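If you're matching them up, the sequences are chains A, B and C in order.
Each residue of the first sequence is one higher than the one before, counting from 156 in the working numbering.
Each residue of the second sequence is one higher than the one before, counting from 111 in the working numbering.
Each residue of the third sequence is one higher than the one before, counting from 679 in the working numbering.
Some hints could be false.
[Stated by the list, open to error] Anything over 12 Å on all C-beta distances counts as not near chain B; from chain A, calculated:
(1) A167
(2) R168
(3) G169
(4) M171
(5) E185
(6) K278
(7) E298
(8) T300
(9) V308
(10) D309
(11) E336
(12) D341
(13) P344
[Stated by the list, open to error] When the alpha-carbon atoms are kept at most 25 Å apart in a straight line, the in silico SDA-like pairs for lysine to any residue are as follows:
(14) C:K831 with B:D155
(15) A:K278 with C:P783
(16) A:K346 with B:W255
Simulated from the structure, these hints should not be mistaken for laboratory data.
Since the model is a prediction, treat every value here as computed from it, not as a measurement.
Even glycine gets a Cβ: it sits at the ideal position worked out from N, Cα and C.
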Amino acid sequence: MKLIYVKNLTVARGGMPVLEGLSFDVSSGEILVLRGPNGAGKTTLLRTLAGLQPPYAGTVETAPDAVAYAAHADGLKTTLTVRENLMFWAGVYGGRDIGPALRDFNLDSLSERPAGNLSAGQKRRLGLARLRVTHRPVWVLDEPTVSLDVASVDLFAAAVKAHVASGGAAIIATHIQLGFEETVFDVTPYKARMDVVRDDFDEAFL
Amino acid sequence: MASIWEWANPRKFMAWTDRALPVLSVVSACIFVIGLVWGFFFTPDDYRQGATVKIFYLHVPSAMMAINIWGMMLVASLIWIVRRHHVSALAAKSAAAIGMTMTLIALVTGAIWGKPMWGTYWEWDPRLTSFLILLLFYIGYMALWEAIENPDTAADLTSVLCLVGSVFALLSRYAVNFWNQGLHQGASLSLDAQENVADVYWYPALVAIAGFILLFVTLVLLRTRTEIRARRLHALDMRERVQGQ
Amino acid sequence: MIRLFWRDLTLAFRSGGGFGLGLGFFLILVTLVPFGVGPNSERLMAIAPGILWVGALLACLLSLDRIFALDFEDGSLDLLATAPIPLEGVVAVKALAHWITTGLPLVLAAPALGFLLHLDSAAYRWLIITLLIGTPALSFIGAFGAALTVGLKRGGLLMSLLVLPLYIPTLIFGAEVIRRGAGGFLVATPLAMQAGITAGSVALLPFAAAAAIRVALR
Numbered sequence: 156m157k158l159i160y161v162k163n164l165t166v167a168r169g170g171m172p173v174l175e176g177l178s179f180d181v182s183s184g185e186i187l188v189l190r191g192p193n194g195a196g197k198t199t200l201l202r203t204l205a206g207l208q209p210p211y212a213g214t215v216e217t218a219p220d221a222v223a224y225a226a227h228a229d230g231l232k233t234t235l236t237v238r239e240n241l242m243f244w245a246g247v248y249g250g251r252d253i254g255p256a257l258r259d260f261n262l263d264s265l266s267e268r269p270a271g272n273l274s275a276g277q278k279r280r281l282g283l284a285r286l287r288v289t290h291r292p293v294w295v296l297d298e299p300t301v302s303l304d305v306a307s308v309d310l311f312a313a314a315v316k317a318h319v320a321s322g323g324a325a326i327i328a329t330h331i332q333l334g335f336e337e338t339v340f341d342v343t344p345y346k347a348r349m350d351v352v353r354d355d356f357d358e359a360f361l
Numbered sequence: 111m112a113s114i115w116e117w118a119n120p121r122k123f124m125a126w127t128d129r130a131l132p133v134l135s136v137v138s139a140c141i142f143v144i145g146l147v148w149g150f151f152f153t154p155d156d157y158r159q160g161a162t163v164k165i166f167y168l169h170v171p172s173a174m175m176a177i178n179i180w181g182m183m184l185v186a187s188l189i190w191i192v193r194r195h196h197v198s199a200l201a202a203k204s205a206a207a208i209g210m211t212m213t214l215i216a217l218v219t220g221a222i223w224g225k226p227m228w229g230t231y232w233e234w235d236p237r238l239t240s241f242l243i244l245l246l247f248y249i250g251y252m253a254l255w256e257a258i259e260n261p262d263t264a265a266d267l268t269s270v271l272c273l274v275g276s277v278f279a280l281l282s283r284y285a286v287n288f289w290n291q292g293l294h295q296g297a298s299l300s301l302d303a304q305e306n307v308a309d310v311y312w313y314p315a316l317v318a319i320a321g322f323i324l325l326f327v328t329l330v331l332l333r334t335r336t337e338i339r340a341r342r343l344h345a346l347d348m349r350e351r352v353q354g355q
Numbered sequence: 679m680i681r682l683f684w685r686d687l688t689l690a691f692r693s694g695g696g697f698g699l700g701l702g703f704f705l706i707l708v709t710l711v712p713f714g715v716g717p718n719s720e721r722l723m724a725i726a727p728g729i730l731w732v733g734a735l736l737a738c739l740l741s742l743d744r745i746f747a748l749d750f751e752d753g754s755l756d757l758l759a760t761a762p763i764p765l766e767g768v769v770a771v772k773a774l775a776h777w778i779t780t781g782l783p784l785v786l787a788a789p790a791l792g793f794l795l796h797l798d799s800a801a802y803r804w805l806i807i808t809l810l811i812g813t814p815a816l817s818f819i820g821a822f823g824a825a826l827t828v829g830l831k832r833g834g835l836l837m838s839l840l841v842l843p844l845y846i847p848t849l850i851f852g853a854e855v856i857r858r859g860a861g862g863f864l865v866a867t868p869l870a871m872q873a874g875i876t877a878g879s880v881a882l883l884p885f886a887a888a889a890a891i892r893v894a895l896r
């Protein structure tokens, strides 16, 4: 089953196209890893897939309510406990059960600690545990392993594998090898050309 | 020449304004000067107010423009929101500074006129207060343009502000009327204006108003051209930065 | 959305600034005014409605930038924008939470402060009623201003510049109701106008604010 279908997509940052002519699709059970140098536009692409910004050109089709997005910032409230943070996001997505998420990311022993007391890696794990309570099939992840130690990276990789095995999918921008059976998608060749006129009407600004 | 929106193409806009502006500048300068000179030197003094009445030729047109320029910005903002023509958003941006200047001129000339008329430079009269509020709206609008780095984001957000601000400006106008019935005379110029103002004052006033409108059109075109060039420069800069990586 | 509401309230409590800050500011402002204009009780009585309303306005403004800025900084706003609740609802809920933590305490504290300013005894009723009707508009208009400036450096100052002119009608009608009420005149018209502004702001501004946030996140 195709969960995300991207056709001839151009994404822009600050009104300037950064990647163009992207076409790919992601089916359930698939992991797509985006690679490319810093500033290539991976974050912009992921934000477009998550629906935070409109495509500059081309189309992104996603199954309804399919995408769960996680970025550099974890969206945690430092004065709420780990449990409260997770309960909030579970509630937003219409669920109550946060047990599995706590277990998968080894947060059980931390559940009553305020999120502000956690180390950077623990915060990251909590941010990723949020994905489990969204119950959405496609995880769109931007550099998820930043500030995770080796053990935590393994936890994360295991969680992604379990998610994908149960019919989900993941699109991940990362530089490290996570040991998946992944499809690698290098965005470098799609760098938008600057010397072509795309839109004859408002050409003057680009 | 299929649609009027063709004029909103930046390149077309630059081309036709390039041809129109010299003529327009000369015409508006002439009309402006004729209106003011006629008004200042070739009208009789008022039997009650003496020569002070002549500040009318600055005060009334600038006050009218102050309000109408906000209306023009509202229309331009709507066009940007609906049709995404960059020139429209930039025209709204260009108009704001002129509108603010007109509001200031109206306030200052009003104060100068108010001293001999009412014995005070400033009174919290509904009309005066409304213009002060309008000035605040102009300042807020321009400040928002300046604060946002990305030009498209700035255009979007200022357009939303212009829309919401228009509603609240109207509400303020009503509220201020309610709050204090003032001593300002009713509008001196309206469709039945001849009843208020004698012909000898009325004709030069019309010319002065036409002069102000033309002046505004000239300035807004000029400033929009500047803004378009600034946008091109910004785009070039962005392009170089992206390519430099 | 109910969860979001409770979360915002909890956050306001735990960070300690929620109820206290606005109220403290209101109290200080009202205390400062007699120092500025002199202790003459008749003069204070005359300006009390205006001072109380302006004070409420400024106290409300003080906590506005927290509505969205904190959520923007820690990434919650991105996540909320991709969550299955409409962004308009997010704005409305957050504005409501802001009102409960800022506006409502002001309404409750205003009579005590009115006492300090020798407010006319006939005016207390109207003071509470106008603040109760008017302060939700302050929160919703403020949420719109906060949405316009979310993510901007030094957005706080700019936001005051944008929001305060929008507060003018609410202020005028609010103070007018108290003045008329104290004088024993009819208050129906300004009260209805103020209720209208509040109703309109609550109904429409979340849409404008949500549009602004979408643009800012883009």
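query = Far enough from chain B: is every CB of that chain over 12 Å from the CB of M171 (chain A)?
reply = 5 Å, violated
query = Is it the case that E185 (chain A) keeps its Cβ farther than 12 Å from each residue Cβ in chain B?
reply = 30 Å, holds
key: Proposed proximity, W255 (chain B) with K346 (chain A) (alpha carbon, max 25 Å)   = 31 Å, violated
query = Was E298 (chain A) rightly flagged as not at the interface, with every chain B Cβ beyond 12 Å?
reply = With a cut-off of 12 Å, E298 (chain A) remains clear of chain B, as the shortest Cβ separation is near 18 Å.
message = Check whether the Cα positions of K831 (chain C) and D155 (chain B) lie no farther apart than 25 Å.
response = 55 Å, violated
query = Hey, does E336 (chain A) actually stay past 12 Å from chain B on C-beta?
reply = Holds: least Cβ distance 32 Å, greater than 12 Å.
request  = Please settle this one: R168 (chain A) was flagged as non-interface, so is its CB more than 12 Å from every CB on chain B?
outcome  = 9 Å, violated
request  = Decide if the proposed pair is consistent with the structure: K278 (chain A) and P783 (chain C), CA atoms, cutoff 25 Å inclusive.
outcome  = At roughly 34 Å apart (the allowed maximum being 25 Å), P783 (chain C) and K278 (chain A) break the hint.
Given as non-interface: K278 (chain A), which should sit over 12 Å from chain B by C-beta = Its Cβ never comes within 12 Å of chain B, the nearest being 29 Å, so this holds.
key: Interface exclusion of V308 (chain A) relative to chain B, criterion Cβ beyond 12 Å   = 28 Å, holds
ask   = Taking 12 Å as the cut and beta carbons as the points, is T300 (chain A) off the interface with chain B?
value = 24 Å, holds
ask   = Minimum Cβ separation between G169 (chain A) and chain B greater than 12 Å?
value = Incorrect as stated: the minimum Cβ-Cβ distance to chain B is 5 Å, not above 12 Å.
Going through the hint list in order, the structure does not satisfy hints 1, 2, 3, 4, 14, 15 and 16.
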